[in-house]
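K.L.:
Letter by letter, the chains look like this.
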Amino acid sequence: METATETKPEIAVSLREVNKWYGDFHVLKNVNLDVERGQRIVICGPSGSGKSTMIRCINRLEEHQAGQILVDGIELNNDLKNIDQIRREVGMVFQHFNLFPHLTVLENCCLAPMWVRKIPRKQAEATAMEYLERVKIPHQAKKFPGQLSGGQQQRVAIARSLCMKPRIMLFDEPTSALDPEMIKEVLDTMIELAESGMTMLCVTHEMGFAKTVADSVIFMDGGQIIESNTPDEFFNHPQHERTKLFLSQILAH
Amino acid sequence: MTAFITHETLPSLPAPNTLKGPVAWMRQNLFSNWLNSVLTVILLIGILAALIPFINWAFIKADWIGTSRDDCTSGGACWVFVYVHFKLFMVGLYPEAETWRTLLVGAILVVTLAGLMIKGVPFKKYIQIFALIAFPVIAFMLLSGGSFGLPHVETNFWGGLLLTLVISIVGIVAAFPLGILLALGRRSSMPIVKAICVVFIEVWRGVPLITVLFMSSVMLPLFLPAGMEIDKLLRALVGITLFQSAYLAEVVRSGLQAIPKGQTEAANSLGLTYWQGMYKVTLPQALKIVIPGIVNSFISLFKDTSLVLIIGLFDLLATIQGAFASPKWLGYAIEGYLFAAFVYWIFCFGMSRYSQHVERSLKTTN
Numbered sequence: 659m660e661t662a663t664e665t666k667p668e669i670a671v672s673l674r675e676v677n678k679w680y681g682d683f684h685v686l687k688n689v690n691l692d693v694e695r696g697q698r699i700v701i702c703g704p705s706g707s708g709k710s711t712m713i714r715c716i717n718r719l720e721e722h723q724a725g726q727i728l729v730d731g732i733e734l735n736n737d738l739k740n741i742d743q744i745r746r747e748v749g750m751v752f753q754h755f756n757l758f759p760h761l762t763v764l765e766n767c768c769l770a771p772m773w774v775r776k777i778p779r780k781q782a783e784a785t786a787m788e789y790l791e792r793v794k795i796p797h798q799a800k801k802f803p804g805q806l807s808g809g810q811q812q813r814v815a816i817a818r819s820l821c822m823k824p825r826i827m828l829f830d831e832p833t834s835a836l837d838p839e840m841i842k843e844v845l846d847t848m849i850e851l852a853e854s855g856m857t858m859l860c861v862t863h864e865m866g867f868a869k870t871v872a873d874s875v876i877f878m879d880g881g882q883i884i885e886s887n888t889p890d891e892f893f894n895h896p897q898h899e900r901t902k903l904f905l906s907q908i909l910a911h
Numbered sequence: 126m127t128a129f130i131t132h133e134t135l136p137s138l139p140a141p142n143t144l145k146g147p148v149a150w151m152r153q154n155l156f157s158n159w160l161n162s163v164l165t166v167i168l169l170i171g172i173l174a175a176l177i178p179f180i181n182w183a184f185i186k187a188d189w190i191g192t193s194r195d196d197c198t199s200g201g202a203c204w205v206f207v208y209v210h211f212k213l214f215m216v217g218l219y220p221e222a223e224t225w226r227t228l229l230v231g232a233i234l235v236v237t238l239a240g241l242m243i244k245g246v247p248f249k250k251y252i253q254i255f256a257l258i259a260f261p262v263i264a265f266m267l268l269s270g271g272s273f274g275l276p277h278v279e280t281n282f283w284g285g286l287l288l289t290l291v292i293s294i295v296g297i298v299a300a301f302p303l304g305i306l307l308a309l310g311r312r313s314s315m316p317i318v319k320a321i322c323v324v325f326i327e328v329w330r331g332v333p334l335i336t337v338l339f340m341s342s343v344m345l346p347l348f349l350p351a352g353m354e355i356d357k358l359l360r361a362l363v364g365i366t367l368f369q370s371a372y373l374a375e376v377v378r379s380g381l382q383a384i385p386k387g388q389t390e391a392a393n394s395l396g397l398t399y400w401q402g403m404y405k406v407t408l409p410q411a412l413k414i415v416i417p418g419i420v421n422s423f424i425s426l427f428k429d430t431s432l433v434l435i436i437g438l439f440d441l442l443a444t445i446q447g448a449f450a451s452p453k454w455l456g457y458a459i460e461g462y463l464f465a466a467f468v469y470w471i472f473c474f475g476m477s478r479y480s481q482h483v484e485r486s487l488k489t490t491n
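Those protein sequences? They're chains A and B, same order as listed. Per the numbering used here, the first sequence starts with residue 659, numbered consecutively. Per the numbering used here, the second sequence starts with residue 126, numbered consecutively.
Isolated chain B (complex conformation) (with noise of 0.2 Å):
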């Protein structure tokens, strides 16, 4: 062996440039040879063989605006269908001349919500205290109404959009905190306490979340006291937030159980007792850990909220397969799922987003 040994101290060269540009890329990737080639060329036809007529139909030759199904003429897409319910497909049968009072709900909470979410706004404590305090109450008392003159509109009456947003937006608010203490609680060393949250862990988590719609809004009634009645709304909310809640606490658990003892020996040697300890060293590092899963459970109860429909609940998707089922909109079934995909897809995507956006904001190591 021989070792050529350097006398200087050589510099830092910058590296050389490889081969870049997009037809390099395509030159060594899709048409390297004559199989990937011919499999390219394939492929290419078949996308575009199925893409093109549907945008053709979707967008191009497709009618926009209209007050019936006359005006849909050309042969594509009737998008007249979604013009002429979107009030319907936004809130539901909420009296006409009301409706402001949602629009006011939906402009407080994207106001709390761009201040809770973008960087540098000040006051974010308050903001907090306000969206979790003061914003349910005030939602709650502008869609309902019945104090400050407004007239009462009952729940019945919400659907579309506001109603899939009202549950989902409370089924995730209340499940979280509660997913945690579920979560806490079954790595407790107390066996009561463990007991119990295995128990409601495995109970809600076993049952499908129909079965819990449904049981809530035709058993519980039965054990009620004759004359006593609780909100179909609410009945609702409860069930759903409790089923959420069950898997919430397996998705922190498992961030709980990746956190190494150390932090925990850490805290404790420290003189901070167990609620300190959690809430200042192992929870935001375990929820940091599992945002994605959180974030998963959030999308998916997003779309749950459709079976609502069970119990008599109006949501997005019910007021829509309701309003092609009537005798003058018989037939454009496609347009109204495609506009329910397209309004259940901007929302997940949304979250699915902020969540990439939060992980990466909270990121202290590489």
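Only chain A is shown next, with the shape it has when bound in the complex (with noise of 0.2 Å):
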């Protein structure tokens, strides 16, 4: 991960000194960020630190109230024209899966094609169908999200960003409000996305799933970047004291 002195196309988040308050605390600092495409990073630290509020900065689910974000070229302002833009192109899957419950699987998955894209609804259906058979559940299309189970909604909560065909895609928790048994399941479908190419940054604490397929892993505390190094080197060798006192707690199990 390098830092680019201009905006070249290859990078696709950009994050420049991006600072922001909830009120009087300061949650994020000074936070610098380049993640080139095709890169997978990885995202962990203690709870508090930040680290979903950072990406939730990215496709402007958060405000920043100082600094710069630009995400494919495009900075991230209160110009709405903008945050539409760059919503199309960048992902989220959330950790307690937000799928619309009065909507069937196949209409989750169509909803934003049709209405955002304009794409028609036999196109919409036929991509959704393709996206539901690549992440293993095309016979729970006509079904509703209450009646599968967490490892399942969480698929079709993947299946439902990718049918936007967006370029970035970011992962906030996504297996830890999951059973264990269903962690496999969904981490597969990640490492699958991953290996096709897909731009990703994921806040998680499967410190496996990091080790199979993240380029950098990044490590926050405090509002800031505290760490970051490529996988092998993070977790053999973690520079940082907290670095060592979080990898210590977690890999303690």
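These are computed hints drawn from the structure, not numbers from a lab. Please read these numbers as outputs of a predicted model, since none were measured by experiment. Each hint should be verified, as a subset may be incorrect.
Unchecked claim - With a straight-line cut-off of 30 Å between C-alpha atoms, the simulated BS3-like cross-links for lysine-lysine are:
1. B:K413 x A:K800
2. B:K250 x B:K453
3. B:K405 x A:K801
4. A:K687 x B:K386
5. B:K386 x A:K776
6. A:K801 x B:K386
7. A:K823 x B:K386
8. A:K780 x B:K319
9. A:K776 x A:K800
10. A:K842 x B:K386
11. A:K776 x B:K250
12. B:K453 x B:K244
13. A:K842 x A:K800
14. A:K739 x B:K319
15. A:K794 x B:K453
16. B:K249 x B:K488
17. A:K780 x B:K250
18. B:K244 x A:K800
19. B:K249 x A:K780
20. A:K800 x B:K453
21. A:K801 x B:K249
22. A:K776 x A:K823
23. B:K249 x A:K800
24. A:K780 x B:K413
25. B:K386 x A:K800
26. B:K428 x B:K453
27. A:K794 x A:K780
28. A:K823 x A:K794
29. A:K776 x B:K453
30. A:K739 x A:K823
31. A:K776 x B:K249
Using the supplied hints, reconstruct the complex from the two chains, each of which is provided in its own coordinate frame.
P.N.:
Here is the structure:
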């Protein structure tokens, strides 16, 4: 992960001196990050460190008060057109899935392509079935989210985001709300996605996943990026004290 | 502690039959001990003592058909009062020769509602468009006349159940979208929009409907330029709609508050605009949750229409009260009020049952 002096198209996401406050609380402090296209970044850290806040700033679910965020070369500011453009290219998967319970799985996946990209229904449904097959649950297309297990719901959520054909995918602790047996099926889906070349920013505690697919592992604490390295270096030779403490806690069991 | 491990997998058996049957239930619940048995017997006697004479008076001894009060000879309920005045109660002073128009509108309304409510009817979308756009125009043209060769019937002559239904339906249909917009506005992050909505809701919710009607009828003409007159019924409709929309706004807002923030976040992250997210994601869920509250408001409005008496419009209750106040029919107030209560109850209960049906059909999870 190199810092570029100018924003070239290969840089998918760029954060420069990003600061955010919740009221008086300084939650993001001078965050600098460049993510190249096709890179997979895993972000870890203790709770309250600002990792979720940081990736939520990328698709404007949170607003940053200082600094600059560029997504695909488009600046993220109060201009609604920019925000809309960026949101079409950035998909997000949430910890609590956030599927629309009143729509079937297929309707969940078709809603945005039809209404945002104006794709006709038949084509949207075909694309949706394609992605549902890719996450291995095509037979659930007519069911409602409430009828599916947690792992299946999360895979539907991944398929729903993919139906918009985003160039960047954000994952906010996608497996934290799942039973252990279901974590594997979701991680397998994410690994397959990573191997297909998707740019991914993933906040997670699944270190096995980080070791398998990540190009970089970032450690955040107190709103700052403390450490960033390849998985190998990160897990075997952590440099910062906080990182060492964190790793000892989560790798203990 | 000793645990006994079973080595083979046991089959699933059907559940045992509990003691069933009405006699067993009565034994368990009504006559389980001496005190309960005595109380049951006392209450039973009390209920029958009140109910039997009433049924006797209202149905068995009652007179149903006739032409004047002389036909009420039996000492039971005099439903002749209702029979004789039936047309008055239904359409008020609507001219005799034009009453067929009200029946036609009623028939179209029933067919349209059936088309909307019954599952499996095709072209629902077209029926909805017809119901919201074409039907009001057709109904107004038929009821009011003045075109297509139909003689004009002033709104002063509309009365009885016809007037009650016109006011309720227009009030409900007009207040609903306005209430939704107010609720969205009140939750808005734009300070001016929010302020306007808060003021509107608190003003219209804070005053009694009677004063709204009174002001619209008496005070509004004072503010209008001389010679300009707005139809009395129209004034009442506007007042009732604004009043009802404030109530509905709060009901809808409570539903919006119940939707988890994650739903809006998911809609936003997919690129849906605010209005797209509202229309396809948030509002369908919010409105489904508050169906009981909305139907409550509607039922309340339906009965509140009786207040239009104070501005000189004669709805169902007013025509009934007028009828038993006339010297020819003095003394039959009970029959009148019972009939009014019965008609109101039919419509309110119908709305209630329909809302339960809607809730059941919208269930997507357990």
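K.L.:
Are any of the numbered hints broken by this structure? If so, which, sorted upward?
P.N.:
2, 8, 12, 15, 20, 29
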